[in-house]
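Listed in order, the protein sequences are those of chains H and B.
Quick note on this note's numbering: the first sequence kicks off at 1 and runs consecutively.
Quick note on this note's numbering: the second sequence kicks off at 1 and runs consecutively.
Please keep in mind that the hints were generated in silico from the structure rather than gathered at the bench.
All of these numbers come straight from a predicted model, not from anything done at the bench.
Yeah, the Cβ is synthetic: ideal placement off N, Cα and C, and Gly gets one too.
Be careful, since some hints might not be right.
[To be verified] In the PhoX-like style, the derived pairs of lysine-lysine whose C-alpha atoms are separated by at most 20 Å in a straight line are: (1) B:K64 - H:K45; (2) B:K64 - H:K120; (3) H:K15 - H:K45; (4) H:K104 - H:K122; (5) H:K64 - B:K45; (6) B:K45 - H:K154; (7) B:K104 - H:K126; (8) B:K119 - H:K126; (9) H:K104 - B:K145; (10) H:K119 - B:K119; (11) H:K45 - H:K20; (12) H:K126 - H:K93; (13) H:K20 - H:K154; (14) H:K119 - B:K122; (15) H:K104 - H:K145; (16) H:K93 - B:K45; (17) B:K45 - H:K66; (18) B:K64 - H:K126; (19) H:K45 - B:K93; (20) B:K20 - B:K151; (21) B:K120 - H:K119; (22) B:K104 - B:K64; (23) B:K15 - B:K145; (24) H:K120 - H:K93; (25) B:K15 - B:K154.
[To be verified] To be clear about the criterion: a stretch of chain H counts as covered by chain B if any three or more of its residues have a C-beta under 8 Å from a C-beta of chain B, and this derived list gives those stretches: (26) 5-14; (27) 85-92; (28) 103-117; (29) 145-156.
[What the hints assert, rightly or not] Selected chain B positions facing chain H (in silico; Cβ < 7 Å): (30) I49; (31) T50; (32) I55; (33) I58; (34) R59; (35) C62; (36) C82; (37) M84; (38) A88; (39) H90; (40) W91.
Listed below, chain by chain, are the residues.
There are 2 protein chains.
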Amino acid sequence: MNNEKFMRLAINKAKQGIKKGQTPFGACIVKNVNIISCTHNVVWKNNDITAHAEINAIRTACRKLKGIDLSECTIYSTCEPCPMCFTACHWAKIDKIIFGARIKDAQKFGFNECAISNKKMKQSGKSPIEIIGDFLREENISLFKLWFGQKNKKAY
Amino acid sequence: MNNEKFMRLAINKAKQGIKKGQTPFGACIVKNVNIISCTHNVVWKNNDITAHAEINAIRTACRKLKGIDLSECTIYSTCEPCPMCFTACHWAKIDKIIFGARIKDAQKFGFNECAISNKKMKQSGKSPIEIIGDFLREENISLFKLWFGQKNKKAY
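If we strip away everything but chain H, and leave its shape as in the complex, we get (with noise of 0.2 Å):
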């Protein structure tokens, strides 16, 4: 129930920025069960290439928990994080990552993504981090549409 009350927001975040003219992705971060951040990506607002959901997020949280340490939260993400984002939550000891639809996704939809699944990413750098994918996938998945339909929609 939590887990669907999470995702819900950030896809609702994601959601906020679409309609902002920004590209389909959104990111909550929690830590036991208090919201701590929640954002969407920001690349075309900041123009800065780095300014993902979940690096948004990650540093929001930074700043409001007054430390590098995430650990004991989790990230609920609309997309399986990129590798920057994945290796982010990686170094911020992030314990957990709830993601919705796929980089694969992404890619069809004409992200010029780094395509390597969390899975691969976790084992290749032996992160101790949790992956639970698929998670509200076709909700998650409906984002793209929605961001496809918009007429000034920007790829990267």
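With the hints as your guide, set chain B onto chain H.
Just chain B now, kept in the frame of chain H:
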């Protein structure tokens, strides 16, 4: 000649960071012999686990070039970019990474790396980015030694 010059700018920037209590990493982005950005790691200073030298250099370069496409740019990094930074370079369409020390060196000095080499990231993620490693290797490793001799050093 130019490669040595630009790598030494990154090395000097890393040294400035060490003096200020930061970790021993520097990065310099160059486009057509013009220096676009040169930064050191500010994870501790900014209380931001994502504030690696390369991420900072890419963010600064996006601002300076007024765009998220860093094609034709080379990044000089004192240490092999971690998978977060490698993937940021991929997203930014940076042409070439030239690095000094290796991720495994950083690991030896206590950094909790998600230890996947740039070579493996490139292969697995099918990234077109060109990679030159072990450049001025000993000079770059000496940054870790300099940092390790500091009283208040802190890895993460």
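Hint check:
A C-alpha spacing of about 15 Å is found between K64 (chain B) and K45 (chain H), which places the hinted pair at or below 20 Å, so the restraint holds. Straight-line distance between C-alpha atoms of K64 (chain B) and K120 (chain H) comes to about 35 Å, which puts the hinted pair past the 20 Å bound. A C-alpha spacing of about 15 Å is found between K15 (chain H) and K45 (chain H), which places the hinted pair at or below 20 Å, so the restraint holds. Distance restraint check for K104 (chain H) and K122 (chain H): the Cα-Cα separation of roughly 17 Å lies within the 20 Å cut-off, and the hinted pair is therefore satisfied.
Restraint check for K64 (chain H) and K45 (chain B): satisfied, since their Cα atoms lie roughly 15 Å apart, inside the 20 Å limit. For the hint linking K45 (chain B) to K154 (chain H), the alpha-carbon distance of about 34 Å lies beyond 20 Å, and the restraint is violated. Taking the CA atoms of K104 (chain B) and K126 (chain H), the gap is about 13 Å. The hint holds against a cut of 20 Å. About 17 Å separates the Cα atoms of K119 (chain B) and K126 (chain H), which keeps this hinted pair within 20 Å; it holds.
Using a Cα cut-off of 20 Å, the hinted pair K104 (chain H) and K145 (chain B) is violated, with the two alpha carbons roughly 42 Å apart. At roughly 19 Å between alpha-carbon atoms, K119 (chain H) and K119 (chain B) fall within 20 Å of each other, so this suggested pair holds. Only pairs whose Cα atoms come within 20 Å are accepted, and K45 (chain H) paired with K20 (chain H) is accepted, the gap being roughly 9 Å. Our distance criterion of 20 Å between C-alpha atoms is met by K126 (chain H) and K93 (chain H), whose separation comes to about 13 Å.
A C-alpha spacing of about 12 Å is found between K20 (chain H) and K154 (chain H), which places the hinted pair at or below 20 Å, so the restraint holds. Between K119 (chain H) and K122 (chain B) the alpha-carbon distance is near 17 Å, which keeps this suggested pair within the 20 Å criterion. Between K104 (chain H) and K145 (chain H) the CA atoms are separated by roughly 14 Å; this keeps the pair inside 20 Å, and the hint holds. Pair hint K93 (chain H) plus K45 (chain B) holds up; C-alpha atoms about 19 Å apart against a cutoff of 20 Å.
Straight-line distance between C-alpha atoms of K45 (chain B) and K66 (chain H) comes to about 12 Å, which keeps the hinted pair within the 20 Å bound. Our distance criterion of 20 Å between C-alpha atoms is broken by K64 (chain B) and K126 (chain H), whose separation comes to about 36 Å. Under the criterion of a C-alpha separation no larger than 20 Å, the hint pairing K45 (chain H) with K93 (chain B) is consistent with the structure, at around 19 Å. With a C-alpha separation of about 12 Å, the suggested pair K20 (chain B) and K151 (chain B) falls inside the 20 Å cut-off, and the hint holds.
For the suggested pair K120 (chain B) and K119 (chain H), the alpha carbons sit about 15 Å apart, so the restraint of at most 20 Å is met. For the hint linking K104 (chain B) to K64 (chain B), the alpha-carbon distance of about 32 Å lies beyond 20 Å, and the restraint is violated. At most 20 Å may separate the alpha-carbon atoms for a hinted pair to count; K15 (chain B) and K145 (chain B) meet this at roughly 11 Å. Note on K120 (chain H) and K93 (chain H): the hinted pairing holds, with a Cα-Cα distance of about 18 Å set against a maximum of 20 Å.
Among the hinted pairs, K15 (chain B) with K154 (chain B) is consistent with the structure: their alpha-carbon atoms are about 15 Å apart, no more than 20 Å. Counting residues of the segment 5-14 of chain H whose CB lies closer than 8 Å to any CB of chain B gives 0, which falls below the minimum of 3, so the coverage claim is violated. Figure legend: the segment 85-92 of chain H, annotated as covered by chain B; annotation consistent (7 residues with Cβ-Cβ distances under 8 Å, at least 3 required). Here's how the segment 103-117 of chain H fares: 5 of its residues keep a CB closer than 8 Å to some CB of chain B, so the rule of at least three is met and the hint holds.
Coverage of the segment 145-156 of chain H by chain B is violated [criterion: at least 3 residues with CB-CB distance below 8 Å; count 1]. Restraint check, I49 (chain B) versus chain H: the minimum CB separation of about 4 Å is within 7 Å; hint holds. For T50 (chain B), the interface hint holds, the least distance from its beta-carbon to any beta-carbon of chain H being 5 Å, beneath 7 Å. Given hint, I55 (chain B) at the interface with chain H, holds; its Cβ is 5 Å from that chain's nearest Cβ, closer than 7 Å.
Annotation: interface hint on I58 (chain B) holds; nearest CB of chain H at approximately 6 Å, less than 7 Å. Annotation: R59 (chain B) was flagged as interfacial toward chain H, and the flag holds, the nearest CB pair being 5 Å apart, inside 7 Å. Taking 7 Å as the C-beta cut-off, the interface hint given for C62 (chain B) holds, the closest approach to chain H being about 5 Å. Interface hint status for C82 (chain B): upheld, as the beta-carbon distance to the closest one in chain H is roughly 6 Å, under 7 Å.
Given the 7 Å rule on beta carbons, the hint for M84 (chain B) holds: about 4 Å separates it from the nearest Cβ of chain H. A distance limit of 7 Å between C-beta atoms decides the matter here; for A88 (chain B) the minimum to chain H is near 5 Å, and the interface restraint holds. Interface hint at H90 (chain B): satisfied, since its Cβ lies 4 Å from the closest Cβ of chain H, which is below the 7 Å cut-off. Interface restraint check: W91 (chain B) against chain H, minimum CB-CB distance 5 Å, threshold 7 Å, status holds.
Of the numbered hints stated above, those contradicted by the structure are hints 2, 6, 9, 18, 22, 26, 29, listed in ascending order.
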